[in-house]
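*Asks:* Listed here are the chains, written in short residue letters.
There are 2 protein chains.
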Amino acid sequence: MIGGSMAIALKEKGFASEIIGVDASEKNLQQALDRGFIDRALPLEEAVALSDLIILAIPMDALMTVLPQVLNDMKGQVVMEVGSTKEKFLQAVKDHPQRGRLVATHPMAGTEYSGPEAAVSGLFEGKCTVLCNIDQSDEDAVSLVKKVYETLGMQIVYMDAASHDLHAAYVSHISHITSFALALTVLEKEKEEKAIFELAGGGFASTVRLAKSSPDMWVPIFKQNRHNVLDVLYEHIHQLKKFKQLLIDEDYETIYKMIQESNAIRRIIK
Amino acid sequence: MIGGSMAIALKEKGFASEIIGVDASEKNLQQALDRGFIDRALPLEEAVALSDLIILAIPMDALMTVLPQVLNDMKGQVVMEVGSTKEKFLQAVKDHPQRGRLVATHPMAGTEYSGPEAAVSGLFEGKCTVLCNIDQSDEDAVSLVKKVYETLGMQIVYMDAASHDLHAAYVSHISHITSFALALTVLEKEKEEKAIFELAGGGFASTVRLAKSSPDMWVPIFKQNRHNVLDVLYEHIHQLKKFKQLLIDEDYETIYKMIQESNAIRRIIK
Numbered sequence: 001m002i003g004g005s006m007a008i009a010l011k012e013k014g015f016a017s018e019i020i021g022v023d024a025s026e027k028n029l030q031q032a033l034d035r036g037f038i039d040r041a042l043p044l045e046e047a048v049a050l051s052d053l054i055i056l057a058i059p060m061d062a063l064m065t066v067l068p069q070v071l072n073d074m075k076g077q078v079v080m081e082v083g084s085t086k087e088k089f090l091q092a093v094k095d096h097p098q099r100g101r102l103v104a105t106h107p108m109a110g111t112e113y114s115g116p117e118a119a120v121s122g123l124f125e126g127k128c129t130v131l132c133n134i135d136q137s138d139e140d141a142v143s144l145v146k147k148v149y150e151t152l153g154m155q156i157v158y159m160d161a162a163s164h165d166l167h168a169a170y171v172s173h174i175s176h177i178t179s180f181a182l183a184l185t186v187l188e189k190e191k192e193e194k195a196i197f198e199l200a201g202g203g204f205a206s207t208v209r210l211a212k213s214s215p216d217m218w219v220p221i222f223k224q225n226r227h228n229v230l231d232v233l234y235e236h237i238h239q240l241k242k243f244k245q246l247l248i249d250e251d252y253e254t255i256y257k258m259i260q261e262s263n264a265i266r267r268i269i270k
Numbered sequence: 271m272i273g274g275s276m277a278i279a280l281k282e283k284g285f286a287s288e289i290i291g292v293d294a295s296e297k298n299l300q301q302a303l304d305r306g307f308i309d310r311a312l313p314l315e316e317a318v319a320l321s322d323l324i325i326l327a328i329p330m331d332a333l334m335t336v337l338p339q340v341l342n343d344m345k346g347q348v349v350m351e352v353g354s355t356k357e358k359f360l361q362a363v364k365d366h367p368q369r370g371r372l373v374a375t376h377p378m379a380g381t382e383y384s385g386p387e388a389a390v391s392g393l394f395e396g397k398c399t400v401l402c403n404i405d406q407s408d409e410d411a412v413s414l415v416k417k418v419y420e421t422l423g424m425q426i427v428y429m430d431a432a433s434h435d436l437h438a439a440y441v442s443h444i445s446h447i448t449s450f451a452l453a454l455t456v457l458e459k460e461k462e463e464k465a466i467f468e469l470a471g472g473g474f475a476s477t478v479r480l481a482k483s484s485p486d487m488w489v490p491i492f493k494q495n496r497h498n499v500l501d502v503l504y505e506h507i508h509q510l511k512k513f514k515q516l517l518i519d520e521d522y523e524t525i526y527k528m529i530q531e532s533n534a535i536r537r538i539i540k
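Chains A and R supply the protein sequences, listed in that same order.
In case it helps, the working numbering puts the first sequence at residues 1 to 270.
In case it helps, the working numbering puts the second sequence at residues 271 to 540.
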């Protein structure tokens, strides 16, 4: 989805003249060819040899094996990756002789869908992307990647890997866990109350839509960002328990104050 | 917001020839007059005396005092209310001599915004509304209210008050609590990490948007549906603790299975 959306936009805007697709799934490649956002499909090694810029948009566990391989095969081109966590894999490649050719990025865009069918033009427009630890990347590599994101219409933010992973846990990873948990809560209830979803409206859909997200993508993220995700999960459970205790105590005045405080989120989201 | 949106739609579709607005806030009434979705503003008693159909769209605590008053003042017209919980106040008016003139309903539509500024035409179109305990309402009253909802383009579901309150706790009230708690979790972090929201994207916005909801509306709902809300809150915290424990244990295989199970929500929401 991320790779495909980039392919579409970079082609449309004339940034790329040829796009080669690489994927573990033959079906995905065929769809990408059918939708016309890749020009041809090749095995990884051949594709790397022919490319000026290599974009890795794959689950974090795959990245742990594919990235070192690409760095080994590269002859001075640039590779950018777009993963959701940073610290662990950057640690793993930090002494690689071609580390400077790698730019670690995280475009904050996406939906609950995966695969080439979910790819859309304009996905990145107006959103924000993170460039991580750019002091470890060569200047020309950073320039090229900046050009990519400017072409996609994104605003660039710079962060070190540790800050990125902390931030991402708070404003992205936890949202997915609450959605998964909320979906399971109601699906559990459905076992005894068949029609429980009959009244589900927009508010419910909004809070659980992320629960449609793929475990193939998310389990590796939780794995690699385990420490930060646990921190925020502790804090979130603590807040929920506070609500629960206040409800048990029928302390509606304090509940009122908590809701009022949470309303401060209006400042952040439109 | 609900009352105003109904006023707009019922006027547009020619269902109502004159709409009288009643509100505790002069400012709200003035806005409703300015936007033209009420024809005039009157005190409650006078408005009731002049109306064929009285629609009560007010917070649940206000309903507990206003509804008995309206039932006392009415001379055989019809009153419908649109509140988010049902059991408690229906219990309170169950022996009122004009109980038959009341139809208890819950249109499953709304946003995180309140007040006349948030009122929009088409809010109800295609959505679902609940009629509760209609065996306690007169037939002609139910017919009139059905006509209202058909005019608004809503699909009607019938339920007893207890089922309604249970369902609403699972597919609406809990979503609000998780949003309030999630907003507080990240706002807490912001105290030490000023830029924590820098990366907040669509997923975060989606899971916390309900945290913009008014405490004036929601505290009375949690109060009146306390028992059901506590039940679902226990279950939700249990699911989150399960995630937390699995993450502590690094049992990624079971996390994978839980996410896969939660993906079943795809069946429910588009």
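Some hints here could point you the wrong way.
As the list claims (entries may be wrong) - Computed list of lysine to aspartate or glutamate pairs in DMTMM-like fashion (alpha-carbon distance at most 25 Å, straight line):
| id | chain 1 | residue 1 | chain 2 | residue 2 |
| --- | --- | --- | --- | --- |
| 1 | A | 189 | R | 460 |
| 2 | A | 257 | R | 460 |
| 3 | R | 493 | A | 18 |
| 4 | R | 464 | R | 486 |
| 5 | A | 257 | R | 343 |
| 6 | A | 13 | A | 39 |
| 7 | R | 358 | A | 249 |
| 8 | A | 127 | A | 249 |
| 9 | R | 511 | A | 216 |
| 10 | A | 270 | R | 519 |
| 11 | A | 147 | A | 18 |
| 12 | A | 270 | R | 343 |
| 13 | A | 270 | R | 458 |
| 14 | A | 27 | A | 61 |
| 15 | R | 540 | A | 249 |
| 16 | A | 241 | R | 486 |
Stated by the list, open to error - Short derived list, chain R residues pointing at chain A, Cβ under 7 Å:
| id | residue |
| --- | --- |
| 17 | 285 |
| 18 | 445 |
| 19 | 477 |
| 20 | 507 |
| 21 | 519 |
Simulated from the structure, these hints should not be mistaken for laboratory data.
Every residue, glycine too, gets a C-beta built ideally from N, C-alpha and C.
*Asks:* Hint by hint, say whether it matches the structure.
*Replies:* Here is what the structure says about each hint:
With a C-alpha separation of about 35 Å, the suggested pair residue 189 of chain A and residue 460 of chain R falls outside the 25 Å cut-off, and the hint is violated. Straight-line distance between C-alpha atoms of residue 257 of chain A and residue 460 of chain R comes to about 18 Å, which keeps the hinted pair within the 25 Å bound. Between residue 493 of chain R and residue 18 of chain A the CA atoms are separated by roughly 61 Å; this puts the pair beyond 25 Å, and the hint is violated. Among the hinted pairs, residue 464 of chain R with residue 486 of chain R is inconsistent with the structure: their alpha-carbon atoms are about 29 Å apart, more than 25 Å.
With a CA separation close to 36 Å, the supplied pair residue 257 of chain A and residue 343 of chain R exceeds the 25 Å bound. Restraint check for residue 13 of chain A and residue 39 of chain A: the C-alpha separation of about 16 Å stays at or below 25 Å, so the hint holds. With a C-alpha separation of about 19 Å, the suggested pairing of residue 358 of chain R with residue 249 of chain A holds against the 25 Å cut-off. The hinted pair formed by residue 127 of chain A and residue 249 of chain A fails the criterion: a straight-line CA distance of about 43 Å is larger than 25 Å.
Distance check on the hinted pair: residue 511 of chain R and residue 216 of chain A sit about 22 Å apart at the alpha-carbon level, within 25 Å; holds. Under the criterion of a C-alpha separation no larger than 25 Å, the hint pairing residue 270 of chain A with residue 519 of chain R is inconsistent with the structure, at around 38 Å. A hinted pair counts as satisfied when its Cα atoms are at most 25 Å apart, and residue 147 of chain A with residue 18 of chain A qualifies at roughly 17 Å. Restraint check for residue 270 of chain A and residue 343 of chain R: not satisfied, since their Cα atoms lie roughly 43 Å apart, outside the 25 Å limit.
Taking the CA atoms of residue 270 of chain A and residue 458 of chain R, the gap is about 20 Å. The hint holds against a cut of 25 Å. A hinted pair counts as satisfied when its Cα atoms are at most 25 Å apart, and residue 27 of chain A with residue 61 of chain A qualifies at roughly 21 Å. Between residue 540 of chain R and residue 249 of chain A the alpha-carbon distance is near 38 Å, which puts this suggested pair outside the 25 Å criterion. This hinted pair checks out: residue 241 of chain A and residue 486 of chain R have alpha carbons roughly 22 Å apart, not beyond 25 Å.
With a least beta-carbon distance of about 23 Å to chain A, the hint placing residue 285 of chain R at the interface is violated under the 7 Å criterion. Interface hint status for residue 445 of chain R: upheld, as the beta-carbon distance to the closest one in chain A is roughly 4 Å, under 7 Å. The restraint placing residue 477 of chain R at the interface with chain A holds, with a minimum CB-CB distance near 4 Å, inside the 7 Å limit. Here the hint on residue 507 of chain R is kept, as its CB sits about 5 Å from the closest CB of chain A, short of 7 Å.
Evaluation of the residue 519 of chain R hint against chain A yields a violated restraint, the C-beta minimum of about 11 Å exceeding 7 Å.
Of the numbered hints listed earlier, those contradicted by the structure are 1, 3, 4, 5, 8, 10, 12, 15, 17 and 21.
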